[in-house]
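Visitor: Chains as they are written, first to last, in numbering that gives the first Met the number 0: chain A, 0 to 94; chain B, 0 to 94; chain C, 0 to 94; chain D, 0 to 94; chain E, 0 to 94; chain F, 0 to 94; chain G, 0 to 94.
If a hint is listed, it holds; no wrong ones were tucked in.
Short derived list, chain C residues pointing at chain B, Cβ under 8 Å:
1. L5
2. I10
3. G51
4. A72
5. I83
Below, computed lysine-lysine pairings styled on BS3-like, alpha-carbon distance capped at 30 Å:
6. D:K3 / C:K12
7. F:K68 / G:K12
8. A:K68 / B:K68
9. F:K12 / A:K3
10. D:K46 / B:K46
11. G:K12 / F:K12
12. G:K46 / E:K68
13. C:K3 / D:K3
14. C:K68 / B:K68
15. E:K46 / D:K46
16. B:K3 / C:K46
17. G:K3 / E:K68
18. C:K3 / B:K68
19. B:K46 / A:K68
20. G:K12 / F:K3
21. C:K46 / D:K3
22. G:K68 / F:K68
23. B:K46 / C:K46
24. G:K46 / F:K3
25. A:K46 / F:K3
26. C:K46 / D:K46
27. A:K12 / F:K12
28. E:K46 / D:K68
29. D:K3 / E:K3
30. A:K68 / A:K3
31. F:K46 / F:K3
32. E:K68 / D:K46
33. B:K12 / C:K46
34. A:K46 / G:K46
35. B:K46 / C:K3
36. A:K46 / B:K46
37. C:K68 / D:K3
38. E:K46 / G:K46
Treat the hints as calculated values from the structure; they're not laboratory data.
Note that this is a predicted model, so its numbers are computed, not measured.
Just so you know, even glycine gets a beta-carbon here, dropped at the ideal spot from N, CA and C.
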Amino acid sequence: MNLKPLGDRVIVKQDEVEETTASGLFIASSAKEKPTTGVVLAVGEGKLAEDGSRLPMPVAVGDHVIYGKFGGAEIEVEGETVIILRADDIYAIQG
Amino acid sequence: MNLKPLGDRVIVKQDEVEETTASGLFIASSAKEKPTTGVVLAVGEGKLAEDGSRLPMPVAVGDHVIYGKFGGAEIEVEGETVIILRADDIYAIQG
Amino acid sequence: MNLKPLGDRVIVKQDEVEETTASGLFIASSAKEKPTTGVVLAVGEGKLAEDGSRLPMPVAVGDHVIYGKFGGAEIEVEGETVIILRADDIYAIQG
Amino acid sequence: MNLKPLGDRVIVKQDEVEETTASGLFIASSAKEKPTTGVVLAVGEGKLAEDGSRLPMPVAVGDHVIYGKFGGAEIEVEGETVIILRADDIYAIQG
Amino acid sequence: MNLKPLGDRVIVKQDEVEETTASGLFIASSAKEKPTTGVVLAVGEGKLAEDGSRLPMPVAVGDHVIYGKFGGAEIEVEGETVIILRADDIYAIQG
Amino acid sequence: MNLKPLGDRVIVKQDEVEETTASGLFIASSAKEKPTTGVVLAVGEGKLAEDGSRLPMPVAVGDHVIYGKFGGAEIEVEGETVIILRADDIYAIQG
Amino acid sequence: MNLKPLGDRVIVKQDEVEETTASGLFIASSAKEKPTTGVVLAVGEGKLAEDGSRLPMPVAVGDHVIYGKFGGAEIEVEGETVIILRADDIYAIQG
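With the sequences and hints as input, model every part of the structure.
Guide: Rendered as structure tokens:
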């Protein structure tokens, strides 16, 4: 994919809605903010610290992740919906 | 469980609702934000400080904890409901 | 009591409501946020600073304190109501 | 008085309401947040800095002060109403 | 005047309302927050930095200033209305 | 263009609305905050750090970017609409 | 002009409303917060850092600037309306 996320942003390909994954993960609808699952497609260079260094990113391309999509922005690239969010909106890596 | 929480996040298996635990702990319903009890299933590596180090996590797998679930996200994994929250939402360890 | 508060949290056994204490302290009901009095039962290790050290706690087990209970969470342990709050919600020590 | 305020808190004995003091100070009622006058009864040790030191307190016991009581908590001690507030809520010292 | 403002606070004697000053300054009523003009009567020692030093104050006694009175508190001293505000609420010095 | 953005601001020439770009990017309308695409026309010197240095800017003139226009301000220059926004409002670079 | 702005404040003489400038700049009315153009009349010494130094100001007297007037205060001096705003509310310099 030809999108390079900036800073601590990550691009995720969202799983089909309400899917139960192969590993049995299912997102319960009773949560305050319903989390979503997906696969990481691209990862930014990391947040820029005041001294010019970058903080390491906690996820890598290919990770299957659980995230809160409240802070993200959905876009469509070559017919696929992807979401751009900040690394801190990713709760956990599955696998 | 095959979920790795990120940063200062913790995964907790929530106790049955309104249960009085073996040690006699009961969550009173009159509190502003009703706390919940559960067992820690997984613990993140800790919050990343600006200098790249990580702050130690205050809980460990197996701890029975009291937490405020306002900031957490519930998910279902292999038929069980678990909650992903930040370490700071955990009030106390019981035991 | 078998509860270990985390960080800068404190567990307090709340005095009976509207009690005038032996030392004559009475909480007036006209205050914006009505303070409460109680005895400290357990004290956390202190807030974790960015450098990994902990800030000292201003109260000790046994202190009779005045606190604002807005930020706290009430729980019942072995039949007693206790409140878990942050050290900064404690206004003063009496005695 | 047997109350020890914590951190940057101060205990003040509030003047009678709408009093014109000997020095001619009168609190106008048109102000957005009506200030109040009183005498300082007790002073905390000062706010704890991240390095463990304490910032000096700007008032001393016996000072006659003007303060905003919005952030304070009123309590009654041995029949007198006193107010516990943070040093930063004190605007000026009179005298 | 016998009032000593604390920290970065300043005491100002407000000009008569809607006055055009000798230097031709007039406060337009269309502004979002209507600024006010007045003369500085007393100046605090400056804001206390974390290292215990004080930041210099940008105004001196006798300065004619333009300020936003939103954050200030009006009091009456010996028959005069004065306002206590923070140095940062002063926009400019005239003259 | 004769506009020099200040600090961490960037000037972007917005793509025609609802356009599918040559590379197949299409902005889905279901997103919470609909992102927009455009080309970077001018870039500020970077945000000024407390020590007087400037943090590097993540984009360069000519980059095709995806951004959230919520925080930006639209202006018209020589008949063209451009948007001035902060670098942090740019999500990703395409190409 | 006899007004000295404090800290990071700037005094700007606002252009006539809805004017198209000589260089063709026109402010579109569809923006969330309509920016305004004007000429810088006076510039403060810069924001005071915690160490007592001042951060450099990004504009100089005579600059033609685009700014958001939301945070500013309008005053009338010798028959002219001027606006006092913070340097960070200036988006760009034209010319």
